[in-house]
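Student: Position 208, counted from 1, in the first sequence is what UniProt numbering calls 208; the numbers after and before it change by one each time, with no gaps.
These aren't lab readings, by the way, just hints derived from the structure by calculation.
The calculated lysine-lysine pairs, modelled on DSS-like cross-linking and capped at a C-alpha distance of 25 angstroms, are:
no. : residue 1 : residue 2
1   : 411       : 383
2   : 383       : 41
3   : 56        : 66
4   : 391       : 173
5   : 81        : 66
Bear in mind the structure is a predicted one, so any value in this text is a computation, not a measurement.
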Amino acid sequence: MAEKKFFLTTPIFYPNANLHLGHAYTTVLSDIVVRYHRLQKERVYFLTGADENTQKIVIAAREAGKPPQKFLDARVEGFKKLFADLNISYNQFIRTSDKEVHWPGAQKLWQKLAEAGDIYKKEYEGLYCVGHEAFLTSKELINGKCPEHGTSPERIKEENYFFRLSKYTSEIKKRIEFGELRVIPETRKNEILSLLEEGLQDVSFSRPKTASSIGIPVPDDDSQVMYVWCDALSNYITALGYGRDEKLFAEFWPADVHVIGKDILRFHAAIWPGMLLSAGLPLPKTLFVHGFITSGGKKMSKTLGNVIDPTELLQEYGTDAVRYYLARHVSPFEDGDITHEGFKSIYNGDLANGLGNLASRVMTLAQTHLPGPVKVEFVPYPKEFTDALEKFEVNRATDYVWGRIGELDKKITETEPFKLIKTDPEKGKSLISDLVRELAAVDLLLEPILPGTSKKIIEAIIANKKPENLFPRKE
RNA sequence: AGCGGGGUGGAGGAGUAGUACCUCACAAGGCUCAUAACCUUGGGACCCGGGUGCAAAUCCCGGCCCCGCAACCA
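Construct all of the structure, not just a fragment, from the sequences and the given hints.
Tutor: This is the structure we're talking about:
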């Protein structure tokens, strides 16, 4: 019997702006969970990517004076650079502009929905803002004008395709209620259930094709391109080869978990399941919905000037310091906060004084007093740790590891190996060997969370040498 | 207007009924293996007003305040 499979996805990100700390959070959280499942010897597939077929891209590219595809390529390189700097171990990075990988599956999915009779044409009338290249609602207008562009929108009629989402309201509700589609945490489940209580409306599923528009052509109708739903959400299956080579799809679908932010809950808990039901495909097993990262209690925004750029933090503190902060000091379920001062305080307290100092004191003792490396063996993960990770409680899992670090520090103070080695060398050596083994056990727990640091420590243990200064104090 | 999440010592967080926990900061002591690090001890808190309970930070009602969402920014 084959081992368990585990398929995890992040959302696909918009390349019209640089990634911020929130994106870093989503991917780091996902990466820790994924690394843990790999260490459990599961067959893991980890998908991330970029959502590229939006009108905003065309505008952003124009402003940057670049052709859209060139612009996108540069942005995506930036994404990949950040993910590399965060040590994200994704298996695939999908791009919705990829005509070979993504488009055939998106079109196949569209056809399935059409075959099910769930796609129909409807005339849509609304207020169209040229600046936005989008429809605005009357509520969004100030004195009848677009607040951003200061122009009056035009009343335009256009024909679009719609998806009969309303048809699936009760089925989706049932699946979520009975946990066939788990939504965690509970508060998010309640939120979506109350929305389903009101009933879902059919959603606009296409846009008329214009000279400047990019996007996937609607099958059998060249005059329309797909709107975001079928274009973007479908990435979760097209990445696995749906509509082209379905080997991976057969192996990994349904997703074990879609990791998403709370802002896109509705799309993932309503529209996406509706589409899958219509296409006769299994639903994902879990939606894991995390909160936002605020700075100083407020949502990060350019106008407030409280944006914290992950790249800056990475430069100043390094990969594992950023991973550590996100893992332990941001709640996976509620909003977390970060400030520059807070980050430094945590860095010095937990990483420099905590983990770094511990590795240093244990290995100095070992290097000075032991004749050779201590043989370390694999210690199974304790239940407290695995339970937390199975439930995506990465912060709790990390708390547990730091509890172990504290215990080890205490043990050194209490057993005083540095004295014992002088009075009773044999006992002293044996004690120091124990401490090294315990450090190795802690290090093993760090592997999914801080893979880089974990590697450095185990290498130091194998060489029986004090490691380099892992986390220098910052003043 | 509506929906959702909050208000716990100086700061940041945990805690869905039974002596209020953790980290940082502060004070006193200890240790000297270690990155002026580490260990011990101490002071100090549940937004306000009602209610239910033997018992409420925790449940209910009413306020006040903060934050977010409001179909395409994780």
